[in-house]
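There are 2 protein chains.
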Amino acid sequence: MEERILKDGKVKNGSILKVDSFLNQQMDIGLFEEMASEFWRLFGECNVTKILTIEASGIGIACLVGQKFKCPVVFAKKNRTKNMSGDAFTAKVESFTHGQLYEIMVSKDYLHSSDRVLIIDDFLANGAALTGLISLVRDAGAFIVGAGIAIEKAFQPGGDAIRKQGIRVESLARIKSMSEDGRIEFC
Amino acid sequence: MEERILKDGKVKNGSILKVDSFLNQQMDIGLFEEMASEFWRLFGECNVTKILTIEASGIGIACLVGQKFKCPVVFAKKNRTKNMSGDAFTAKVESFTHGQLYEIMVSKDYLHSSDRVLIIDDFLANGAALTGLISLVRDAGAFIVGAGIAIEKAFQPGGDAIRKQGIRVESLARIKSMSEDGRIEFC
Chain A
1 MEERILKDGK
11 VKNGSILKVD
21 SFLNQQMDIG
31 LFEEMASEFW
41 RLFGECNVTK
51 ILTIEASGIG
61 IACLVGQKFK
71 CPVVFAKKNR
81 TKNMSGDAFT
91 AKVESFTHGQ
101 LYEIMVSKDY
111 LHSSDRVLII
121 DDFLANGAAL
131 TGLISLVRDA
141 GAFIVGAGIA
151 IEKAFQPGGD
161 AIRKQGIRVE
171 SLARIKSMSE
181 DGRIEFC
Chain B
1 MEERILKDGK
11 VKNGSILKVD
21 SFLNQQMDIG
31 LFEEMASEFW
41 RLFGECNVTK
51 ILTIEASGIG
61 IACLVGQKFK
71 CPVVFAKKNR
81 TKNMSGDAFT
91 AKVESFTHGQ
101 LYEIMVSKDY
111 LHSSDRVLII
121 DDFLANGAAL
131 TGLISLVRDA
141 GAFIVGAGIA
151 IEKAFQPGGD
161 AIRKQGIRVE
171 SLARIKSMSE
181 DGRIEFC
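Line order of the protein sequences matches chains A and B. Numbering follows the numbering used here, with no gaps: position 100 of the first sequence is 100. Numbering follows the numbering used here, with no gaps: position 16 of the second sequence is 16.
Hint data in this document are derived by calculation from the structure and do not stem from the laboratory. Don't take each hint at face value.
[What the hints assert, rightly or not] Here are the computed lysine to aspartate or glutamate pairs in the DMTMM-like style, where the Cα-Cα straight-line distance is at most 20 Å:
{"hint": "1", "chain 1": "B", "residue 1": "K70", "chain 2": "A", "residue 2": "D28"}
{"hint": "2", "chain 1": "A", "residue 1": "K68", "chain 2": "B", "residue 2": "D28"}
{"hint": "3", "chain 1": "A", "residue 1": "K18", "chain 2": "B", "residue 2": "E55"}
{"hint": "4", "chain 1": "A", "residue 1": "K108", "chain 2": "B", "residue 2": "D8"}
{"hint": "5", "chain 1": "A", "residue 1": "K108", "chain 2": "B", "residue 2": "D28"}
{"hint": "6", "chain 1": "A", "residue 1": "K18", "chain 2": "B", "residue 2": "D87"}
[Unchecked claim] Not everything, but these chain B residues come out facing chain A in the computed CB check (under 8 Å):
{"hint": "7", "residue": "Q26"}
{"hint": "8", "residue": "L64"}
{"hint": "9", "residue": "F75"}
Bear in mind that the values here come from a model prediction, so they are computed numbers and not experimental data. Every residue, glycine too, gets a C-beta built ideally from N, C-alpha and C.
Taking the hints into account, I'd like the entire structure generated from these sequences.
So, in structure tokens, the structure goes:
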């Protein structure tokens, strides 16, 4: 993952990392398979019963992970739609990328107190989305096995704050710093 | 797919088919693998270079299809975000489910005139989303190999209208009618 970020990632304004050529608009499925294998190495012994992610760019990675773990994949939706009915677990999330507050939700039909949940997402920076997903799992009374992240911006506080809660967070690439001229340093 | 719809699909108000227990909120990856195999059987000889889908619920299926075809998967985004830059192909889409007009877009970096594109989506009803995706591919000057759809509501006009344009549309399940009492008939 680190190699691929150095090869194809682009830094914008010193704080935004663009990886949409392989991760979150165009998706390199061979790379996703390798990521899924690594998450399986890390969490394969944890009796995971469900993969949870959030639309949209987490879904592709999560599906390849679900294939490895042979369990269902559930994604949290960002807005209630006409097709969603019945009760749902919800949480408020403040997006760093979009600069707005939105609600995420998962139908109560798809998270149960007996579930052992592995959360998968593409990015971890301020931890807003991950905190929202953790809150959904807790509302369901399910067990959080941990979180598998493709890229963590370790210079932002999300990862450490969530680890301090005792949640296992495994990131395939941890970025220590990014500079205006596009240089990227890993932890 | 037809068996699974009869087993787990639910009809609401005679016109909405809820399949979010296996297709578009909770995702059954084993089923997605079978669907991908069927799309490979149908389009495997067509020299596909790119899979195109639309966020959010098309992404999971498209990723498993991309794994089979060993080519990149690109998803159209529904709104321009801060992270998207540069030029993009765009189209307007009127959503049947959400009752609203939105713009879809794909960066020009990920669709080229040399591409042979297989479009994948979960639903085909009025054909709004698929028409938008076709327009993006045409704007790129790429070749449309065809469209692979999980569920087509054949009693709505989208599929026939698009086939009349000479585009090959293959749907894994084609619903002829749905009734208020939840009965589903296939073509």
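Each hint tested on the structure:
1. For the suggested pair B/K70 and A/D28, the alpha carbons sit about 9 Å apart, so the restraint of at most 20 Å is met.
2. A threshold of 20 Å between alpha carbons decides the hint, and for A/K68 with B/D28 the separation of about 13 Å falls inside it, so the pair holds.
3. Between A/K18 and B/E55, the direct Cα distance comes to roughly 18 Å. Compliance with the 20 Å bound is thereby established for this hinted pair.
4. With a C-alpha separation of about 16 Å, the suggested pair A/K108 and B/D8 falls inside the 20 Å cut-off, and the hint holds.
5. Distance restraint check for A/K108 and B/D28: the Cα-Cα separation of roughly 17 Å lies within the 20 Å cut-off, and the hinted pair is therefore satisfied.
6. Restraint check for A/K18 and B/D87: the C-alpha separation of about 15 Å stays at or below 20 Å, so the hint holds.
7. Because the smallest distance between the Cβ of B/Q26 and any Cβ of chain A comes to about 4 Å, under 8 Å, the interface hint for this residue holds.
8. Restraint check, B/L64 versus chain A: the minimum CB separation of about 6 Å is within 8 Å; hint holds.
9. Evaluation of the B/F75 hint against chain A yields a held restraint, the C-beta minimum of about 7 Å falling below 8 Å.
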